[in-house]
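> Next come the chains, spelled out residue by residue.
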Amino acid sequence: MNTTVYLDNNATTMVAPEVLDAMMPFLTERYGNPSSMHGFGGSVAKDIERARQSVARLIGADHDYEIVFTATGTESDNMAIQGALAYYRDRRHVITSRVEHPAVLSLCKKLEKEGYRITYVPVDHEGNLDMGVLKEAVDDDTAIVSIMYANNETGVIFPIDEIGLFLKERGIPFHVDAVQAAGKVPIDVNRIQCDLLTISGHKFHSPKGIGALYVRRGTRMRPILFGGHQEKGRRPGTENVPGIVGMGKAAELALTHLPEYAGRVSALRDRLENGILALFKNAGLNGNRDRRVPNTTNVGFEYIEGEAILLYLDGQGIAASSGSACSSGTLEPSHVLRAMGVPFTSAHGSIRFSLSRFTAERDVDHVLAVMPDVVNRLLDISPYWDSEKKEGRPITL
Amino acid sequence: MWDYTDKVKQLYMNPKNVGRIDDANAVAEVGSIVCGDALKLYLKIDDKNIIRDAKFETFGCGSAIASSSALTEMIIGKTVEEAEKITNRDIADYLGGLPEEKMHCSVMGNEALEKAIKVWRGEKVTDHADVEGEIVCHCFGVTENLIRDVIRENNLKTVEQVTNYTKAGGACGSCIPKIEDILNEMAGEAGTAEKKPAERKPLTNIKRMQLVEETIANIIRPMLQKDGGDIELIDVDGRNVHVGLRGQCVNCRVSDVTLKNLVEAKLREFVEEDITVLEVKP
Chain G
98 MNTTVYLDNN
108 ATTMVAPEVL
118 DAMMPFLTER
128 YGNPSSMHGF
138 GGSVAKDIER
148 ARQSVARLIG
158 ADHDYEIVFT
168 ATGTESDNMA
178 IQGALAYYRD
188 RRHVITSRVE
198 HPAVLSLCKK
208 LEKEGYRITY
218 VPVDHEGNLD
228 MGVLKEAVDD
238 DTAIVSIMYA
248 NNETGVIFPI
258 DEIGLFLKER
268 GIPFHVDAVQ
278 AAGKVPIDVN
288 RIQCDLLTIS
298 GHKFHSPKGI
308 GALYVRRGTR
318 MRPILFGGHQ
328 EKGRRPGTEN
338 VPGIVGMGKA
348 AELALTHLPE
358 YAGRVSALRD
368 RLENGILALF
378 KNAGLNGNRD
388 RRVPNTTNVG
398 FEYIEGEAIL
408 LYLDGQGIAA
418 SSGSACSSGT
428 LEPSHVLRAM
438 GVPFTSAHGS
448 IRFSLSRFTA
458 ERDVDHVLAV
468 MPDVVNRLLD
478 ISPYWDSEKK
488 EGRPITL
Chain A
16 MWDYTDKVKQ
26 LYMNPKNVGR
36 IDDANAVAEV
46 GSIVCGDALK
56 LYLKIDDKNI
66 IRDAKFETFG
76 CGSAIASSSA
86 LTEMIIGKTV
96 EEAEKITNRD
106 IADYLGGLPE
116 EKMHCSVMGN
126 EALEKAIKVW
136 RGEKVTDHAD
146 VEGEIVCHCF
156 GVTENLIRDV
166 IRENNLKTVE
176 QVTNYTKAGG
186 ACGSCIPKIE
196 DILNEMAGEA
206 GTAEKKPAER
216 KPLTNIKRMQ
226 LVEETIANII
236 RPMLQKDGGD
246 IELIDVDGRN
256 VHVGLRGQCV
266 NCRVSDVTLK
276 NLVEAKLREF
286 VEEDITVLEV
296 KP
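Chains G and A supply the protein sequences, listed in that same order. Start counting the first sequence at 98; every next residue gets the next number (our numbering). Start counting the second sequence at 16; every next residue gets the next number (our numbering).
In short, the hints are calculated from the structure, not lab data. Just to be clear, a hint being listed does not mean it is correct.
[What the hints assert, rightly or not] Using 20 Å as the maximum straight-line C-alpha spacing, the simulated EDC-like pairs for lysine to aspartate or glutamate come out as follows:
1. A:281 x A:88
2. G:487 x G:470
3. A:193 x A:129
4. G:487 x A:37
5. A:31 x G:470
6. A:296 x A:284
7. A:59 x A:96
8. A:59 x A:97
9. A:70 x G:483
10. A:139 x A:44
11. A:241 x A:271
12. A:31 x G:483
13. A:275 x A:245
14. A:70 x G:485
15. A:24 x G:470
16. A:133 x A:99
17. A:193 x A:228
18. A:193 x A:204
19. A:133 x A:62
20. A:93 x A:61
21. A:100 x A:149
22. A:93 x A:115
23. G:486 x A:252
24. G:210 x G:238
25. A:24 x G:411
26. G:305 x G:144
27. A:70 x G:477
28. A:222 x A:196
29. A:22 x G:144
30. A:31 x G:238
31. A:24 x G:238
32. A:139 x A:96
33. A:59 x A:18
[As the list claims (entries may be wrong)] To spell it out: a stretch of chain G is covered by chain A in this simulated footprint if at least three of its residues, at any positions, have a beta carbon under 8 Å from a beta carbon of chain A; those stretches are:
34. 398-404
35. 473-484
[Said to hold, decoys possible] Facing chain A, a subset of chain G residues (Cβ under 8 Å, in silico):
36. 140
37. 371
38. 372
39. 408
40. 421
Even glycine gets a Cβ: it sits at the ideal position worked out from N, Cα and C.
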């Protein structure tokens with residue numbers, strides 16, 4: 098097996114060396130509790146506040162106290178939606194999209210069972226949000242609107258500025274799940290005019306187990322966890338100090354590397370994507386080509402199945418991801434691709450490559466070099482492909 | 016990441032017997048591209064009923080490719096009668112086991128084999144190996160009979176297991192209550208071996224009447240009586256069964272529904288597919 102070519106950065110990322118260095122003291126000698134009255138613990142609180150400032154800068158927050166540290170993106174999403182609903186008890190309507198992350202969708206499914214009305218805004222075949230449906234759905238009963246900044250599977254960016262302005266005029270709380278945008282595109286909560294915004298550290302080179310929720314000053318919500326005074330009572334529980342410090346360092350680095358995403362990473366992604374699309378006539382792009390985060394490409398292969406592609410790529414030391422039913426654990430093809438109306442024939446064969454600033458030219462070269470063998474071997478096995486004529490066979494079943 | 020055995024890994028990376036047989040005398044295709052896995056099996060059977068060659072083409076995940084390869088390796092050299100005895104469990108065992116969620120791949124192999132043998136014998140087959148009985152899972156096109164076979168052969172107890180073995184219920188989930196009904200019913204069957212579905216050959220009039228009477232007495236009446244209702248068999252005229260609803264059913268606003276969804280459904284299930292139930296008002 099060759100060295101790993103890691104192209105699954107929308108799933109998780111490597112911890113940046115500088116991040117690990119920043120964290121190490123808090124995993125060793127500086128283990129104090131920031132709430133303690135003694136200097137040994139209390140001094141740690143200053144490092145948490147520095148990290149809070151870095152995270153605030155990454156997303157353009159006016160005040161550092163608008164950042165609440167949580168354990169994960171999922172927790173931040175839950176805290177935003179459940180916290181708002183706990184305040185607006187007489188409002189029983191939530192608006193979201195059909196292509197959100199399960200952290201939002203599963204919660205909405207549960208709320209539906211409890212009697213809430215949920216509007217799932219559809220997307221078109223390129224993954225673009227149907228703004229007409231969203232605007233129509235808003236009424237006096239709407240407690241919160243939760244829409245993702247960028248989709249994790251296709252990378253498609255939603256028009257959140259337009260949504261933010263629309264909701265601001267109507268005074269409806271707006272939560273943005275920016276987990277897949279942070280560190281890839283510039284985020285500015287004042288441009289978006291959102292009230293709540295979720296980010297997760299491990300998507301931009303800090304370790305797993307640390308997330309944050311931006312809560313605009315004055316946003317009405319109630320806590321969903323109860324305990325001590327930490328995070329001003331909004332998220333009680335002893336702080337994950339190493340994680341917070343790591344996320345702060347990662348946020349600082351992410352800000353400086355944003356131009357690299359817009360330039361080098363984006364160009365590398367395009368080279369990979371164009372290379373694959375040029376190699377195979379049974380491959381097509383899923384998602385809007387022009388409005389995407391710079392690191393993601395989602396390619397659908399017809400006549401062959403995604404999990405098999407992943408396993409063959411894995412055999413060549415390449416780590417990617419698939420929206421196929423077989424690789425999902427639920428045996429269901431990706432809800433995102435289905436919402437986009439991607440035909441089953443290519444949804445089952447969809448592969449997502451997600452790059453990072455640690456992705457090198459040679460990584461893309463390696464993928465492009467092994468791809469023909471991987472795809473052709475599977476086409477040879479497929480009943481839907483005529484290997485002699487080099488074309489698809491009529492699909493009878 | 017799935018926990019595949021080394022045998023599965025070996026066979027999906029280097030499957031054996033891939034391709035077509037041009038002069039095959041039995042070809043069967045099961046699954047579909049919509050479901051996410053499909054298998055086309057080619058057999059060459061000689062005049063002594065021995066499977067001389069077997070090849071396959073598969074659209075599917077790693078375990079689907081490995082199961083297809085395993086199936087062909089297992090049946091080459093066997094007689095049709097020997098091959099027929101192979102179950103999905105045998106295919107999984109050959110692979111050193113499959114993750115529960117992937118057992119449907121072995122079922123697909125078994126389905127393809129059964130269908131190919133039917134083709135070779137000149138028996139009638141339709142698109143799926145086993146489409147007798149209604150489709151329960153519309154997302155994946157899984158029939159009630161297939162679900163029943165798999166439950167029986169693998170001694171399944173839960174909906175989750177049925178999904179893992181057949182995919183039924185894995186997408187929209189709307190058929191889960193139906194799968195639960197089948198499981199409950201079969202759990203009851205295990206105790207009372209008598210309640211088998213009627214055989215498929217055309218029934219004589221007397222046999223039909225007997226079965227209708229039995230089904231009403233043993234299955235339908237007890238269900239109605241639970242809600243204070245009752246039923247009387249008035250006449251059996253060919254495939255038309257005339258009944259009168261009694262007790263609480265007389266005043267029940269949904270008695271029409273009961274007639275169709277319960278009385279007719281059960282008679283169709285246990286007696287004959289094309290039975291019509293007609294109500295005789297008191």
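> Decide, hint by hint, whether the structure agrees.
Verification of the hints:
no. : hint          : verdict
1   : A:281 x A:88  : 42 Å, violated
2   : G:487 x G:470 : 14 Å, holds
3   : A:193 x A:129 : 25 Å, violated
4   : G:487 x A:37  : 18 Å, holds
5   : A:31 x G:470  : 17 Å, holds
6   : A:296 x A:284 : 25 Å, violated
7   : A:59 x A:96   : 15 Å, holds
8   : A:59 x A:97   : 15 Å, holds
9   : A:70 x G:483  : 15 Å, holds
10  : A:139 x A:44  : 14 Å, holds
11  : A:241 x A:271 : 18 Å, holds
12  : A:31 x G:483  : 19 Å, holds
13  : A:275 x A:245 : 15 Å, holds
14  : A:70 x G:485  : 17 Å, holds
15  : A:24 x G:470  : 18 Å, holds
16  : A:133 x A:99  : 10 Å, holds
17  : A:193 x A:228 : 25 Å, violated
18  : A:193 x A:204 : 16 Å, holds
19  : A:133 x A:62  : 16 Å, holds
20  : A:93 x A:61   : 11 Å, holds
21  : A:100 x A:149 : 25 Å, violated
22  : A:93 x A:115  : 28 Å, violated
23  : G:486 x A:252 : 59 Å, violated
24  : G:210 x G:238 : 17 Å, holds
25  : A:24 x G:411  : 11 Å, holds
26  : G:305 x G:144 : 19 Å, holds
27  : A:70 x G:477  : 13 Å, holds
28  : A:222 x A:196 : 27 Å, violated
29  : A:22 x G:144  : 52 Å, violated
30  : A:31 x G:238  : 61 Å, violated
31  : A:24 x G:238  : 54 Å, violated
32  : A:139 x A:96  : 18 Å, holds
33  : A:59 x A:18   : 34 Å, violated
34  : 398-404       : holds (count 5)
35  : 473-484       : holds (count 5)
36  : 140           : 42 Å, violated
37  : 371           : 26 Å, violated
38  : 372           : 24 Å, violated
39  : 408           : 4 Å, holds
40  : 421           : 6 Å, holds
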